[in-house]
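Listed here are the chains, written in short residue letters.
Protein chains: 2
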Amino acid sequence: MGNKTIFKGSVITLAVEDAHLPNGSVHKYEVIHHPGGACAVPIFENGDVLLLRQYRHPAGDYLWELPAGKLDVEGETPEQCAARELIEESGYEAAKLEKICDFYSTPGFTDEILHIYKATELKPAQMATETHEIIEVHRFKVEQIDKMISGGEIRDGKTLLGLYACGFGN
Amino acid sequence: MGNKTIFKGSVITLAVEDAHLPNGSVHKYEVIHHPGGACAVPIFENGDVLLLRQYRHPAGDYLWELPAGKLDVEGETPEQCAARELIEESGYEAAKLEKICDFYSTPGFTDEILHIYKATELKPAQMATETHEIIEVHRFKVEQIDKMISGGEIRDGKTLLGLYACGFGN
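If you read the protein sequences in the order shown, they are chains A and B. Numbering-wise, my numbering puts 5 at position 5 of the first sequence, and it's gapless, one number per residue. Numbering-wise, my numbering puts 59 at position 59 of the second sequence, and it's gapless, one number per residue.
To be clear, the hints were calculated from the coordinates, so they are not data collected in a lab. Incorrect hints may have been included.
[As the list claims (entries may be wrong)] Calculated cross-link-like contacts (lysine-lysine; reagent style DSBU-like; alpha-carbon spacing at most 35 Å):
hint: 1; chain 1: B; residue 1: 8; chain 2: A; residue 2: 28
hint: 2; chain 1: A; residue 1: 4; chain 2: B; residue 2: 141
hint: 3; chain 1: A; residue 1: 28; chain 2: A; residue 2: 70
hint: 4; chain 1: A; residue 1: 99; chain 2: B; residue 2: 118
hint: 5; chain 1: A; residue 1: 118; chain 2: B; residue 2: 99
hint: 6; chain 1: B; residue 1: 141; chain 2: B; residue 2: 123
hint: 7; chain 1: A; residue 1: 123; chain 2: A; residue 2: 141
hint: 8; chain 1: B; residue 1: 123; chain 2: B; residue 2: 99
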């Protein structure tokens, strides 16, 4: 009985916990603890959108994604994190960031919360990717984004959600 | 070096793996292997939507969610899984299921893929929830759904994405 930490990694912590449910029952629950993350939907004045082409080991493939990163810098707010990751990963800085939503990525097994910001008034800045980040930056027109969504080319949850929430894909 | 399974639970498997990146470098990667899941966006003829109010231990709270479940039944397709979970969790059966999209819930640390179906032509069926599932079924009008999305009341990723993809939230 009780909670037991099984593994503490550089990104995630796995615990097996007693979930005390509102109906009084107790159920063993496998939980991945995660610091959460923030991402930006970078939109130019003419509606063009920046997406990253990023290799993801768990998917074994390249995925189209919004610039994003973990909330693992001490004292940094989700908005500051989104702003920093946008610069580092896309090479653009946003003068304006607007909160779109925050959500549990997959609450059946993790407490990870992702925060999405609409990023506008973009200007070039200095990229700074890490060696294990295999990233290409691409700029797309609205029609291209809509087609990539409807054609199933965009397969990352936060990216689909951020784009829909900013009015794309309809 | 090599891949090591750290934990094999009833839902998730945690492994630490050597990710061989396309640039030739090798990077240690913490991966949660998950069978994936399927969910349904149940929409009545007049546009009303069914959502579940479900207690989630990782969130420590109740969340509004689409009926959904894991792909853990041998030989079951994602569509059959969505149809079954819809009946079991909401008490409604759909005569029509249309694939909306599939996506990685959070590809930074898991290979979980979720499949979303639009479920229409609904009629009552026999619910069958499990003891650890604390679920209430609620029916909402379009305006209520839009308000719940814009007000931040819906905080589950697949649910927000499924609703946006079916034209809500705009």
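We went through each hint and held it up to the structure:
no.	hint	result
1	B:8 / A:28	holds, 14 Å
2	A:4 / B:141	violated, 43 Å
3	A:28 / A:70	holds, 28 Å
4	A:99 / B:118	holds, 28 Å
5	A:118 / B:99	holds, 28 Å
6	B:141 / B:123	holds, 17 Å
7	A:123 / A:141	holds, 17 Å
8	B:123 / B:99	holds, 19 Å
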